[in-house]
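S.K.: With the hints as a guide, bring both chains together as one complex.
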Amino acid sequence: MFALGISDFSVGEGVYPAKQLLSLARQLGYRDLVCWDRGVAGYPKLRAELAWIHEARRLEGLPPDPRWTGFRLHLGSRFTWRGHGYGALPFTDAGYAALNRLLSAQAHLDHDPPIPGLGAPEPPQDCVLLAEDLAGLDALLREGLYGALLAHPRRAQEARKALAAGLEVVAPQVLRFRTAEGLEMHRLKRAIEAQATLIRTKALWDPAEAAVPRADWEARFPFCEPAVERATAAVLERISGWNIHWGEWVLANPLGCKGADLDALLREKVRAGVARRFPVVRGDILARMERELDLISELTFARYFLLVEDIVQAAQGAMPRICGRGSGAASLVSYALGLSNVDPVATNLMFERFLTKERKDPPDMDIDFAWDEREDVIQSVFERYGRHRVAMVANHTFFKAKGALRAVAQAHGRPDSELKQLARYVRGWEGGLDRAAENPAWDIVLRQASALRGHFHQFSVHPGGTVITPGPFWEHAAFQPAPAKEGVSTTTWDKDGVENYGLVKIDLLGNRSLAVIRDAYAVLGDAVPADPGTHSRKDPDTQALLARGDSIGVFYVESPATRQLQQRVQKGDFETLVIHSSLIRPAAYRWVDRYVKRSRGEEAWEPSDPVFNQLLSESYGVLVYQEDVIKVCVELAGWSHFEADQLRKLLGKPDCEGKLPYFEARFRSGCGSRAVRQATVDEAWDMIRTFQGYSFCKPHSASYAQVSFESAWIKAHHPAVFFASVITNQGGYYPAIAYLGDARRHRLVVRGPDANASAWPFSAEGEQALRVGLMQVQGALAKEVEALLENRDKQGPFADLDDLLGRVKLSVTTAEALCAAGAFDRWAPDGDRTRLMWARLGGVPPGVRPRPTDAFDRADLEMQIMGLTLEIHPAALARVRKGGGPDRAADLAKVLAGEKPGRRLRFWALVVADKEVATEKGERMQFVTFEDDTGLCEAVAFPDTIRRRQRPFRVGDVVPISGQTTLQDGLAVFEVG
Amino acid sequence: MLAMWVPELPFQLACGRDGGLRGRPLAFLSPESPRSPVLWFVNRLGRAEGLAPGLPMDQALRRAPGLRVLDPSPQVWWEAQADLSDFLQHWTPQGQLGRLGEALVELQGTQRLFGPLADTAERIRHELAERRGWASHGGLSLSATAAQLAARAEHELERVGEGAEAAFLAPQPLRRLPDLPPRLHDRFHRLGLRVFGDLQPVPLPVLAELTNPKAAPDLRARVRGEDRPKLPLLTERPGHARHGWRLQPPRLPEEVALAVRCLDWLWSDPRHPRTLILRWWDVDGEPHTWRATPEDLTAPPLVLARRLQQAFLAGATRRLLVREVELRLAWGLGRERGLFEDPRNAKLERLEPALARLRRRFPERAVLPGWMGREVPC
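As they're listed, the protein sequences go chains A and B. Going by our numbering, the first sequence opens with residue 1, and the numbers climb by one from there. Going by our numbering, the second sequence opens with residue 1001, and the numbers climb by one from there.
Looking at chain B on its own, in the form it has when it is part of the complex (with noise of 0.2 Å):
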């Protein structure tokens, strides 16, 4: 298993385009507060002159004169990520991405393509830098944890052998282990255990009676570098989609003319939904959500699309402007199957194949079950 990390990919995008920015301290404006600015993001220049997320710009400055305050623009880092996903699927068809910057990847499997693993995950990184770029950091092991933490050692390409995984661990600060509750390493740290080492003996009942019973093993493999995740398919086609529609500036509900956006998003897709959530966040950030119901499920897309929005208008009771949109659509294809038959489902998915020909056949026209051909009142 590969894990890949690019430190600071924000920083290294803005170096990209911006050779001068090379070598010097260097900060994100927050988005949060653009009456009194304060820094978001600093790279480690920045940090060794004492500088640090949340400090006033002016204070910032102040402290640190060759600073350079930039813009942030998560669209350009979120494409920048997305183009990570692009890259590995070229090495392999399975993986997972992290937080900005890291991914996971596993590359068993790939020896007969790209030879040894070491080999492989070294051209990665080569080619990462060569075409995109960006310089990066790789860890290598068996276990997703150790691989995780060997990239963070930020070696060009650290590599944890078989059955070394826990060694490699044991000195490793306990915080470091990804997603451990804050809670949890509190009791930890009373408990005197600081390290992976020293949590690696407990036994499973004591871990299970300190976390819960159900979380106990899976912490107890990652600690100890027993753990072997099965990463989905970068590739693969999710069997959902989701469509955000960020309302700028907020608007009220009736403002929306959300009809028109998810006709667009439900014919954007020729499959038929198995189901549909609509949710929405005012501008306080308060979530809402619908769900509809099989019998809407199985309406065209223009009355489904008009029943969404009075679902909408009925449910937005909150005196709020509406911030954020989102409709979330699993489709009948590509998802697994429940356990039972549903003979509802097992009909319109023997139906997907021709409704999808015809859609394609005549794009402009709406093709569903029941479609007649003619405009229905809404």
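Isolated chain A (complex conformation) (with noise of 0.2 Å):
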């Protein structure tokens, strides 16, 4: 017989997350489980913890469990309707589209704009229904459809009256909790729930209706009356009947293709793509194509291909600007599309990465469009697909540990400063729980946290991830509104969910750099070379920018960590710069000296084995890239390449540390049946084992690569464009001070914003000047800005201050922001804005005498309403005002000419950047760069500093710094304090 079992997925009631659930039904002695949450949000959870018990004895290499063969999970939901509730099990594909059309319609009720062809929310049909109560049933019978009350042990007059009317009544025990303290976890999920506190809070359920034996549950009415459990066996066998279409692929044709043979038009395409984009179209390419091709013919992925493309045609046309990246991009397919823009053949991409025969899970290509571009791709794709074929994918965010603690406080009723003070005592909850239990009135606090802690919480939606169906969503997947996302609606499962049920995802993203090179590109017009891509990264001083580290503003390697690297290893190729993207990365980042020691040829790398020099040369002995594990995998433990993703994919996962014991056991195994030496299985083996993190596959890397050798090749040959740009798309990792100062430092003159010359966003004037745009202005209203450069346009420059205050209308403050900005500093040459500021106010009124303005208050106005100064740098105006610091940032350089480290230097600066990390004894300590009138200055605060001065170094700080110099590894390096 089976059970209904109702997990954490039923947001506010369930106790259990899917591993617990599946654990206690099989301990209760149940074979068969219904997944019966309120909704199917929980099923592929369920299902994937499921596979992941039979997985893990198979790599271990045992045989199967005979504790968990046979068992066997469905699929159910409950629901309500008209005020009663149900739950529905199909037994037929069309049982499970209308199960989850219902779900979708009632989740969509005055949903804006409406989803065609979902209707109205209406039972089931081709589904078991059963009805939770009498009345319940009642309504269901007499709107003519036909039902069985599912019976409850406290309301057996019920189930009497139902069996005596001849009614079917129908008794698996629902699995709702099973303990005192599960009671205890429903009740505070509850609480939760309603945000109220656990004190004025009801349990939904009775302690009487705790899970019990399978055994003492059939000995008791009402499962003890024969037509009880014959309707129950009878319902049991009418699902085991059916199973969901699990693992198949689904993808949606792209528009206009009905009919035609897909393969064809995509080989067509792609012979015409490959013709274009290589000059020389030879043997290897050929091949390779051909390959590519007859695989995805083979698995019928042509459709995914002409799908993506169609997409990102319609929203940009023929020349689109975007960037392919992810495993995608190491496909020629997509090269020759022109949907990723790294030659995969030249860059020695692998394709396996992507696609093989033997992948069950399907592949899924990320598109990157520019930031302000991006939603309305997205809206786009919702239209021309439909909205009842296209859902974004939801993310599933599960309690983390401050967040547990923040929702069973708020629960207790415990207020905000003891939730912060908690908090700080938990950081990553190691380490001061023990501390935090010092208080009594915390303790049951914790204890409920560390309970909560794994539970799901609530849904959110993936960055981009967008799924399109051939016929209606509903026949594949429920689909909610989107949470606080307008017109967009995401599908009840995660990424993982989608995935495994053979939904092919696209991943439709934001990125700012396009965005730069963009509006770069359309200033410059003809001056941008005819291929862009490989021109920068052939060119000579884009090499040489990149190899100096050069790199602010440029996209992705810009962070001083990255610069760093650059300086160290002093390559600028794009080889090298491939590899850098991906080694900075967490998962790859701690063999970053080891790497650099090598690729300066100061650490010999002897491989243990030949097979290392084989697979890991490129990066000399160092795991860069997620291929790395795959080809290592395969290489040494004789792996399929669907069997190392599966590896590659756990090391990037939370629940990594659990499952990689499985994965090792198979590895050695694997190993050992090739004979391969034990030395050498260790080593490869420590090495994948501390690849856990984030971390990039390298045709993601060379796709990163790409754009940042085209920003790159902006900044080396059109500096001005690029800061203009770059600082107009916001974003970066910097403030738009920093990058003033290195537009400066690239012998740029930065000018003012003027009201007769700046436009809107930053400008470039020339070759030599950047313009400061008025979106700087904080304090100014925008509609009034935009009014006044509207009217500048149609009737030209303004002549005077006068003439402009005629010619717009401005309210005081756009007037005294403006003004306070320095846009109207052409008509004041002596540089005094006070009098400028009475034009608004009819001038300066008879008696008054109002102060100049110096320079000095012409940076306190700048820094007040723009965040940068444009005359005097904020290091300097604190040096003049507060005294003290007789030294500059740009002594630090001084260690590089030869000069002694360790030389104290004081000196006034600005904060532009700042990291925090741990040290391996848990303090806090910082990488901070500082900027002042002289150059920029890499530093390191270490705990101690951090200490004494009682708070971390922030962006936007101006602050008095003492410490000496180093020079770490051929870098000067400020070490304060």
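Derived by calculation from the structure, the hints in this document are not laboratory data. Please note that a few of the clues may not be correct.
Stated by the list, open to error - Simulated pairs of lysine-lysine, DSSO-like, Cα-Cα distance not exceeding 30 Å:
#	chain 1	residue 1	chain 2	residue 2
1	A	420	A	915
2	A	809	B	1214
3	A	659	A	400
4	A	269	A	360
5	B	1214	A	783
6	A	495	A	360
What the hints assert, rightly or not - If you anchor each label on the Cβ, the simulated ranges turn out as follows:
#	chain 1	residue 1	chain 2	residue 2	range
7	B	1326	A	208	41 to 47 Å
8	A	603	B	1054	48 to 54 Å
9	B	1116	A	778	54 to 60 Å
10	B	1170	A	882	28 to 34 Å
11	B	1183	A	375	30 to 36 Å
12	B	1131	A	779	49 to 55 Å
As the list claims (entries may be wrong) - Simulated coverage check for chain B against chain A, where a stretch passes if three residues somewhere in it have a Cβ under 8 Å from a Cβ of chain A:
#	region
13	1179 to 1191
14	1247 to 1254
None of these values were measured; they are calculated from a predicted model. Glycine is no exception: its CB is placed at the ideal position from the N, C-alpha and C atoms.
M.R.: Take a look at the structure:
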């Protein structure tokens, strides 16, 4: 017989995460479990956990666990209709679609815009319908729908009455909770969901509803009633006959290709693309193209490429500015179709990372669009393919340490101040827990929070994952309105669920640097080379710029850590940048020193086994890319690409630690069977084990490096246009003032905002000057500034301030802000902005003698209004006003010129970047980038310094700092303290 | 108008208790962050040694080893402030307390009692020093702003003669103007107006454009020393009462015995409330308000107290502990009348004297209109 299991995906009710629910069902003696949540969001998780139980045994090389053999999971869902509670268990595909349709329709009630064809929420056909009470069953029967009563042991009379009336009654056990703690957890979840305190929250469930062993349940009424037992068995038999289509790839056709031979169409397009992309089509290119096309054809995956191409072309026309990244960029087909910009043959990208014959989960492509175009692209996909066929992918967020603590403490009515204190104590959960437990009032809070950790919390939206289905979406999955995102629907499943079902997703993402390049190219016009990608990669100036780490503003390589890595290696070629883009990610970063030494030839790399030389020679024996893990597993342990990819996926996930030992066992046994030396196996596994966390695959790095090169080319040859575009698009690693500082170091003149010369964005004035845009003037009302610009465009420049104020009606606030920022300075050659400000008020009244503005006042005003200064650097301003600081940031560079390190320096500086990290002891330390009027200075503040200073450095602070110069691996680093 | 300023009143109180603290840098600890103690108030000697509020205590002690760090005692300070009010009531009925240690009193009209105003002001200072032991400064002027800034000059008594207010104020920096919003201060600064004298000649329409038409005349009068506010009575019995209850430690709403406490408060005054507002704050400082309906106000105290409790529980839906409760009552007597007569209030007020007499006679019994002397089921 079967049980109905309520998991934590029944928000505000369920107390069991998937794993616990499965083991509870098994422990109680059941072999059939129906997912009985509200909605089907939790089903993939349950399925994945069950699959992992079998997979773990397989990895260990053990026979299947007899306890779990034959255990079956069924799909079901509870829902409310006309005020009554029901459950539905589909037994055909149509039933499954109808159930999804009902759930989606209920979620989309009053949704704007409406979903075509979704209709009103009605009980699904082709499903076993179970009413939770007699009134519900009555309502169902009155509508001519057939259902059964789900008997409840505390409502025996009801079941008897139904039986007496000849109605069908079933009695599977509902697994809600088992112990008193479980019931308390249920009440806690209710409180969290209702945002109420525990003290005033009642449980939905009764203590008598605790789960009992199967034998006990079946011995008591109502199950013991033969009619009930028969009916329950019939339900199980009925739902067992149907299986959800799990793992079959679901792909929509591109628009306008109905009935066409998609393989032939793709082949034709790819051939044309290859001819366009490659001046000389060599044999190896053709061979790879054919190999890829054959595999794509075999897997019937052509429609996916055509679909993505259709989306990109519909959004941006025939010459799109996108960045295809992720594993999809490894495909020559993508490159030929214009979906990626890196030649996979020349860059030696591994197609198997994207698609293999054995691959079971569908691969996906990530396409970056300019950040300000992405929303329109997503909306256009919804509109082109129909809102009933498209959904974004949901994210499932689970309670982590801090969130769990916060939720539980709020349910106990604890104040915010205490929550902050608690959060400080339990940073990262480990270490501080004992200390937090000193307060007896927190004891229960901590206990419950600890139990809540890992439970499902809420839905959010995946950054760009979008799924398109061939028919209505509900034929495959339920979907719902996206939380906090207008006009968009999301699946109820997360990325893993969607992938495991077989829905192929396309990631449509935003990228600021594409907008930077787009804007810069628009200004440069004919100065842009015909093939900017190839041209920039081969350009010596661009390579030199990257080699010296002069990459502030350049996409992806502008952070201090990357710039320093570039400076240490002193190479600016494309291949090196591809390695560096990946090496700087958390998974690979721990080997950065080893890599630098080997790349500079300071440390000889002698592979312990020739196989490493064969696999990792490109990166000097260091694991850099995700493919490296795959290569090592395939080569040493004889795994298939698919199997190795499972391990690669696991390494980036939070539950890696728990599952890794199974893979280790499998890896070792694989290596053993191929007679690999033990030392080699140990070394290889050690590298794989430590390759945990966020990492890149090589195609992804190469795609990013391509964008980096294009933006670096603009910086190297047209710095004024480059900086104007970077600051206008905002969102870089540094504040605007730091980019302006770098612009000055590139010998650009930075001109202030000007009512007659400035546009809304920052703009280049010739090749040597940069004009601050009016967008930077905080406090000026955007509408009025737009009116000013419009008037200037129509009627020409303003003759003087009176002319401006006569032609454009500015409020006092806007006039004050523009004036304080210096936008009217051209009408005050002496720089006295005070007099200009009075102009909006009709001039200085008789008898009033306002103080004129001097250079320091101007710097203050600019900092207040724009967050940057034009004449005097904030550090210089502080130095003059507050005194002290005889040295300069540029003095640090003297150690590179041969000065002995250890010299003490004191100077005023502006903090332009900060990165906080934890030491091995868990103490805080910071890497800080300081700037003054003479240059940049990379610094490190050790825990002692931060303790003495009482607070960390923050971007925007102007601080007096003292410390000593050091020389670290050829880099000048300032040690604060 | 006399502005009195007792500088650093908390420190003077501390020195009054312990003479050994005189002439030393002193500071009070902030009550907000007990785990990493920081300074709250610092006296002048402390500031001269480079200490400032917000400085961590260990750093402050390193910087000024002679520093004495004291525990704050706000209750004592508020009592001292009330004491200052009581003291000033002996001299004049009109006045208004400002920040801690500050008061503004109207001395006009007291000449027949105490003699010339300047002499009276001197006597007030002297008596304050003799009786309370507090050193103070005074500012005497027809203008409230001029008097306040004159007291801040820290002369024993600074007199600003009639007609000399504008000249006295002219060199003062604008940031000293009491209650000037920071945004407005910034705007004046950008316009090159730094002192009162810069702002004095600005015409009213321009000032109205810079601030707002309603506030401009008052601002202009204040910067020119032409403000002559009518001060309220120091002795005036308020037409309203506030009963505050700080819950230490904060409790869940269900655990707050509000009805009992409210019954005490309602019973403490024989008058009939005209308006009743219950306010409470949860531990995050979020305020909540409940206002009694006219029907509630005519209910007997026991019933009203129960309704208060029910309203409180119904309204305290935020899942947090309650930190503070306050009952604001406006009484029927001693309160300004509205423009239109309200027959219900008129009726109630006619009854009030009789009710007051009855309550005085039977203090332990509930006497209200409609009250039958039997217990009302709650």
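S.K.: Between residue 1326 of chain B and residue 208 of chain A, is the Cβ distance one that fits in 41 to 47 Å?
M.R.: The hint (41 to 47 Å, Cβ to Cβ) holds, given that residue 1326 of chain B and residue 208 of chain A are roughly 45 Å apart.
S.K.: Verify the proposed pairing of residue 420 of chain A with residue 915 of chain A, using a straight-line Cα cut of 30 Å.
M.R.: holds (22 Å)
S.K.: With a cut-off of 30 Å on the C-alpha distance, tell me whether residue 495 of chain A and residue 360 of chain A pass.
M.R.: holds (15 Å)
S.K.: At a Cβ distance under 8 Å, does chain A reach at least three residues of the region 1247 to 1254 of chain B?
M.R.: holds (count 3)
S.K.: Would the pair residue 659 of chain A and residue 400 of chain A pass a check requiring their Cα atoms to be no farther apart than 30 Å?
M.R.: holds (19 Å)
S.K.: Within 30 to 36 Å: is that where the Cβ-Cβ distance between residue 1183 of chain B and residue 375 of chain A falls?
M.R.: For residue 1183 of chain B and residue 375 of chain A the Cβ distance comes to about 35 Å; the hint holds.
S.K.: Quickly compare the C-alpha distance for residue 1214 of chain B and residue 783 of chain A to 30 Å and report which way the hint goes.
M.R.: Given pair residue 1214 of chain B, residue 783 of chain A holds - Cα atoms ~27 Å apart, limit 30 Å.
S.K.: Taking 8 Å as the C-beta cutoff, is the stated coverage of the region 1179 to 1191 of chain B by chain A satisfied by three or more residues?
M.R.: holds (count 4)
S.K.: Tell me if the straight-line CA distance from residue 269 of chain A to residue 360 of chain A falls inside 30 Å.
M.R.: holds (27 Å)
S.K.: Given the hint of 28 to 34 Å, check if residue 1170 of chain B and residue 882 of chain A actually sit that far apart at their C-beta atoms.
M.R.: Since the Cβ atoms of residue 1170 of chain B and residue 882 of chain A sit about 30 Å apart, the hinted range of 28 to 34 Å holds.
S.K.: For residue 1131 of chain B and residue 779 of chain A, compare the CB-CB distance with the range 49 to 55 Å and indicate the outcome.
M.R.: At roughly 53 Å between Cβ atoms, residue 779 of chain A and residue 1131 of chain B fall inside 49 to 55 Å, so the hint holds.
S.K.: Against the range 48 to 54 Å, how does the distance between the Cβ atoms of residue 603 of chain A and residue 1054 of chain B compare: consistent or not?
M.R.: The hinted range 48 to 54 Å holds for residue 603 of chain A and residue 1054 of chain B, with Cβ atoms some 50 Å apart.
Of the hints listed earlier, there is not a single one the structure fails to meet.
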